[in-house]
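Asker: Whenever a hint applies, use it, and build me the whole structure from the sequences.
Single-letter residue listing:
Protein chains: 2
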Amino acid sequence: MELFYAYKVGGGYAYLDSEESYHCVRVLRHIAGDSLNIIDGHGTLLHCTLKDASLSAAVATIVSEEPGWGGHPYYLRMAVCPTKNMDRYEWFVEKATELGVDEIVPVIGEHSERRKVREDRLQKIALSAAKQSLKGAVPVIAPAVNLLDYLGRLPGNGLKFIAYCSDDVSPRGSIVDALLTAADPTAAITILIGPEGDFSQGEVQAAIRAGFEPVHLGPSRLRTETAALTAVESVYLALACNNAYDSSSL
Amino acid sequence: MELFYAYKVGGGYAYLDSEESYHCVRVLRHIAGDSLNIIDGHGTLLHCTLKDASLSAAVATIVSEEPGWGGHPYYLRMAVCPTKNMDRYEWFVEKATELGVDEIVPVIGEHSERRKVREDRLQKIALSAAKQSLKGAVPVIAPAVNLLDYLGRLPGNGLKFIAYCSDDVSPRGSIVDALLTAADPTAAITILIGPEGDFSQGEVQAAIRAGFEPVHLGPSRLRTETAALTAVESVYLALACNNAYDSSSL
Chain A
1 MELFYAYKVG GGYAYLDSEE SYHCVRVLRH IAGDSLNIID GHGTLLHCTL KDASLSAAVA
61 TIVSEEPGWG GHPYYLRMAV CPTKNMDRYE WFVEKATELG VDEIVPVIGE HSERRKVRED
121 RLQKIALSAA KQSLKGAVPV IAPAVNLLDY LGRLPGNGLK FIAYCSDDVS PRGSIVDALL
181 TAADPTAAIT ILIGPEGDFS QGEVQAAIRA GFEPVHLGPS RLRTETAALT AVESVYLALA
241 CNNAYDSSSL
Chain B
1 MELFYAYKVG GGYAYLDSEE SYHCVRVLRH IAGDSLNIID GHGTLLHCTL KDASLSAAVA
61 TIVSEEPGWG GHPYYLRMAV CPTKNMDRYE WFVEKATELG VDEIVPVIGE HSERRKVRED
121 RLQKIALSAA KQSLKGAVPV IAPAVNLLDY LGRLPGNGLK FIAYCSDDVS PRGSIVDALL
181 TAADPTAAIT ILIGPEGDFS QGEVQAAIRA GFEPVHLGPS RLRTETAALT AVESVYLALA
241 CNNAYDSSSL
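Residue numbers (the numbering used here), protein chains in the order written: chain A, 1 to 250; chain B, 1 to 250.
Simulated restraints, written as ranges between beta carbons of each label pair: (1) A/Asp149 with B/Leu148: 56 to 64 Å; (2) B/Lys124 with A/Arg153: 38 to 46 Å; (3) B/Gln132 with A/Tyr75: 29 to 37 Å; (4) A/Thr181 with B/Val145: 36 to 44 Å; (5) A/Ile31 with B/Asp120: 47 to 55 Å.
Rather than coming from a laboratory, the hints here were simulated on the basis of the structure. The beta-carbon is built from N, C-alpha and C at its ideal position, and this holds for glycine as well.
Answerer: This is the structure:
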């Protein structure tokens with residue numbers, strides 16, 4: 001299924017940016033009158049007819065809409081320290097998008113070796129993965145933020161988990177058990193994943209004071225990006241694959 | 001933790017191949033008498049003392065052994081069609097090894113675009129990932145095999161799942177439900193994952209006749225390598241992270 005992305009929707013029209021327009025009109029040779037499937041990036045699939053086949057600013061008329069298209073029954077915010085090697089973080093963004101994630105926040109911890117990321121590049125990867133995996137919503141890549149600043153400004157509600165390696169700070173249950181026994185698992189879920197050098201004890205304690213429940217991700221020693229994806233998988237498998245999923249809706 | 005791999009163990013000695021010897025003696029400058037941690041690739045960690053600091057054929061005396069080191073409470077065989085882009089398959093091998101897998105079998109399906117793989121290269125990636133994630137066992141990369149041939153020679157026991165995309169062939173339950181309701185989930189588990197073009201209907205029917213249970217991996221449309229990793233994650237999260245895991249053993 002061929003999908004386009006509209007950066008703006010309004011007045012019955014969907015607007016493609018120059019890159020999407022070029023791909024639609026030049027590469028795929030669409031002409032006015034062609035049917036197009038366009039996502040708005042916020043969860044809706046728009047069935048459209050191409051109106052203005054401009055190479056740089058194509059416009060399509062919206063014929064019908066499918067809200068919640070390719071959605072998942074939870075809101076997941078992954079706050080993950082950037083990896084030293086950005087390829088690994090980019091890979092995480094792609095895979096998390098395929099499975100289902102709503103926000104990715106690069107948080108910078110005390111032991112983070114990488115303290116800067118290119119959010120625009122990550123956002124492009126998220127858009128491409130959303131189109132590839134047929135999702136109406138594109139995850140938001142937030143600007144990189146210092147962990148303690150982030151803890152200070154997070155809303156109070158929802159489930160909050162922090163995964164780290166050391167057993168020194170506090171006893172931890174499995175993330176799977178925590179998800180399966182949560183009173184309202186479809187509330188917003190925020191999961192913190194540390195850098196290669198793990199969170200500092202002070203950071204873990206600050207997160208616990210901010211309402212984060214310490215969890216473990218099982219017995220394997222996982223790289224940062226694998227730990228982050230395993231957390232996404234645990235939410236996906238516990239809340240979308242297992243209970244809430246109806247195979248007839250595929 | 002610094003880990004080496006012994007290609008041969010016997011008579012109280014562990015033998016390093018030329019690559020491991022060079023890394024141990026030249027790069028890390030170990031000398032006779034140094035303590036070394038060596039895995040045998042079959043699940044045992046060997047605490048050793050370097051005896052012969054040869055650049056090409058180092059030998060270490062085994063002091064003590066830890067069988068089942070970094071192991072997991074199941075036997076998992078992933079039979080996954082190679083992806084067009086081998087980077088994606090190599091990535092799967094790395095991540096599956098980190099989580100816990102025992103055999104990876106590149107199976108060639110009717111719709112497979114790639115029909116050849118370099119098993120030696122995949123085996124190196126598996127070894128490197130096993131060392132990185134502190135596992136005594138290195139997953140075996142089997143030679144590539146035609147799917148129908150593979151179905152014909154699989155042992156009859158254990159759990160067998162086939163994951164595919166279409167709803168046309170047969171009703172499917174969630175892989176999570178299938179794992180959680182299995183009578184003996186720690187038996188050998190074999191999971192078949194198709195190529196980009198999915199399995200053919202004939203292949204799915206042949207697998208069902210060979211005892212494979214059709215399963216789905218949830219509502220998201222996943223790439224081949226993401227589907228394969230999601231299957232590994234489902235086993236890891238259901239059988240290692242959730243029930244059998246004792247956090248005190250970390």
